[in-house]
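Participant: Please build the complete structure, drawing on both the sequences and the hints.
Going down the list, the protein sequences come from chains A and B. Numbering that gives the first Met the number 0 puts the first sequence at residues 0 to 218. Numbering that gives the first Met the number 0 puts the second sequence at residues 0 to 369.
Everything labelled a hint here was simulated from the structure, so no lab data went into it. None of the hints are false.
Straight line, CA to CA, 27 Å or less: simulated DSSO-like cross-link-like pairs of lysine-lysine: (1) B/Lys108 to A/Lys114; (2) B/Lys67 to A/Lys44; (3) A/Lys14 to A/Lys207; (4) B/Lys104 to A/Lys107; (5) B/Lys104 to B/Lys15; (6) B/Lys12 to A/Lys14; (7) A/Lys107 to A/Lys207; (8) B/Lys67 to B/Lys209; (9) B/Lys209 to A/Lys44; (10) A/Lys14 to B/Lys104; (11) A/Lys110 to A/Lys211; (12) A/Lys110 to B/Lys118; (13) A/Lys203 to A/Lys114.
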Amino acid sequence: MSWVFLRDLLSGVNKYSTGIGRIWVAVVFLFRLLVYVAAAENIWKREHDEFECNIKQPGCENVCFDHFFPVSHIRFWALQLIMVSTPSLLVVFHVAYRENREKHHNQKLYKNPGKIDGGLLCTYLISLILKTGLEIFFLVLFYKLYNGFKIPRLVKCDIKPCPNTVDCYISKPTEKMIFLYFLVATSCLCIVLNLTELSYLMFKYSIKRYLKRHVKNQQ
Amino acid sequence: MGEWSFLGDFLEKVHKHSTVVGKVWLTVLFIFRMLVLGTAAESSWGDEQSDFMCDTQQPGCENVCYDKAFPISHVRFWVLQIIFVSTPSLVYMGHAMHTVRMEEKRKMKEAELEARENKNGGDTYYQQKCSVAEKEAKLSGWDEAGGQIILRGSLLNTYVYSILIRTAMEVAFIVGQYVLYGIFLETLYICQRAPCPHPVNCYVSRPTEKNVFIVFMLAVAVLSLFLSLAELYHLGWKKAKERCSRPYKASPSTAPGRLESAPQAERAQMYTPPPDFNQCLSSPNGKFISPFSNKMASQQNTANFATERVHGQEDAAGEGPFIKSSYVESPEVASECAAPAFPENYFNEKRRLSKASRASSKARSDDLSV
Numbered sequence: 000m001s002w003v004f005l006r007d008l009l010s011g012v013n014k015y016s017t018g019i020g021r022i023w024v025a026v027v028f029l030f031r032l033l034v035y036v037a038a039a040e041n042i043w044k045r046e047h048d049e050f051e052c053n054i055k056q057p058g059c060e061n062v063c064f065d066h067f068f069p070v071s072h073i074r075f076w077a078l079q080l081i082m083v084s085t086p087s088l089l090v091v092f093h094v095a096y097r098e099n100r101e102k103h104h105n106q107k108l109y110k111n112p113g114k115i116d117g118g119l120l121c122t123y124l125i126s127l128i129l130k131t132g133l134e135i136f137f138l139v140l141f142y143k144l145y146n147g148f149k150i151p152r153l154v155k156c157d158i159k160p161c162p163n164t165v166d167c168y169i170s171k172p173t174e175k176m177i178f179l180y181f182l183v184a185t186s187c188l189c190i191v192l193n194l195t196e197l198s199y200l201m202f203k204y205s206i207k208r209y210l211k212r213h214v215k216n217q218q
Numbered sequence: 000m001g002e003w004s005f006l007g008d009f010l011e012k013v014h015k016h017s018t019v020v021g022k023v024w025l026t027v028l029f030i031f032r033m034l035v036l037g038t039a040a041e042s043s044w045g046d047e048q049s050d051f052m053c054d055t056q057q058p059g060c061e062n063v064c065y066d067k068a069f070p071i072s073h074v075r076f077w078v079l080q081i082i083f084v085s086t087p088s089l090v091y092m093g094h095a096m097h098t099v100r101m102e103e104k105r106k107m108k109e110a111e112l113e114a115r116e117n118k119n120g121g122d123t124y125y126q127q128k129c130s131v132a133e134k135e136a137k138l139s140g141w142d143e144a145g146g147q148i149i150l151r152g153s154l155l156n157t158y159v160y161s162i163l164i165r166t167a168m169e170v171a172f173i174v175g176q177y178v179l180y181g182i183f184l185e186t187l188y189i190c191q192r193a194p195c196p197h198p199v200n201c202y203v204s205r206p207t208e209k210n211v212f213i214v215f216m217l218a219v220a221v222l223s224l225f226l227s228l229a230e231l232y233h234l235g236w237k238k239a240k241e242r243c244s245r246p247y248k249a250s251p252s253t254a255p256g257r258l259e260s261a262p263q264a265e266r267a268q269m270y271t272p273p274p275d276f277n278q279c280l281s282s283p284n285g286k287f288i289s290p291f292s293n294k295m296a297s298q299q300n301t302a303n304f305a306t307e308r309v310h311g312q313e314d315a316a317g318e319g320p321f322i323k324s325s326y327v328e329s330p331e332v333a334s335e336c337a338a339p340a341f342p343e344n345y346f347n348e349k350r351r352l353s354k355a356s357r358a359s360s361k362a363r364s365d366d367l368s369v
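Facilitator: Right, dumping it as structure tokens:
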């Protein structure tokens, strides 16, 4: 699975971000993307093969695995990473639109097309809200799907064709839990960063507007 | 191995702006840790669970025994170690980049301020020179691609803290690995955990090969720790040396050309003229810092140097103020045009310095000047 595309995308976003935005990109790269690719993928690589039930009945293992893992953790996180990075594209598109407009009219319409003000500020704020919303959505969804942030060592399964309640053993539960907590923690960190950036931008620009009005009134 | 390019790209920038020991540390990290992990260690641990055999037919027993024997695989542990050990350097890099940007913004604002004052009718010659030099300083002083970040003040503190945290992380991970697994891996692991009906013998796959890599990675971690400590010692010793030698020197030793009395001393310290380049060339530790790239500038600088000498500048031979000022924790030696209010006489004296000398006041050596 090639994540280079996402990396290039986020590098482009880095140009038009605030300082906190850059920290967010660094956290996503290092603590989520890199950990996912270098470590987490290998842990979940053979989860189905290594999932063992205490029964010889054919098909029982398959249905039990499917019941307990409707979406594998690793695919869930991949989806989360992609969805959470995508709103930043809005900012890139908006800047490209501004630059196109300048080219089209053949004159300098904006002091600096990449500066976060006016319409671009709205787009940036929307992207922040979307990112935060998606992070929270995925965390809540994970919690609901897997009944909390835990990976048990043993699960009991009594779905047909299993003839009785069978014990099924998940492979590497401790290691999976460590990385689960790690990725949940970085997800929460990203939420905190996004909210900080949101409040910082709103505060900064409301102060600017207030000062402008104040100066205008004085004049 | 491609996955490490995510981290590699970030660390490339750090590599540019590190000291010699820092660069060695980064090279060790790249080659002996990332490369070895990505190529050799991964494949050695590839079949660790599938070939983990327990002497039992009880379903689920192998799973639980493997989980008990290896709460976290060595490979994943090392991945986390590399990430956590690299993070402080990235924090330092972030601070450095932030400082560079703030510096650029400040200079641009000052250029605008001077231009505005020019309109209101200040000293025309002064303003013109100032704005031109301002632009040149802006272009040359903090250029990420070609220039150098000079370690001083808060940036030096960040660098030192980053090395301290890095050292702490290394120690933590080395101790953690010892606590989890000891040093060597045993071939046989005896496991007693439900649903295993009795203590079972479990056999680890490829124990010797894994031991080789474990010892190798431990040795590299210890080497990295040693390099971090060496860097700390190098920085600390130099700083202590500077602090000790300062009381014994004449006043202009740390800030050449400080002619002001105490109230203005701080401002003067901030806005001293460019350092004596000839003394930069003859730095005591043998580091060649070539601040200029053309002969004319060097000739001009020699003349300036002579002029400055005439005006009573004293500098101890063999101690470059350029290098010394790196350790001063007081406000950074900024560009000469930074002060809006300058004592006129003072400034006019130094104004004889050429544009070229001012523009060429950046370090060009490969290493970070500390």
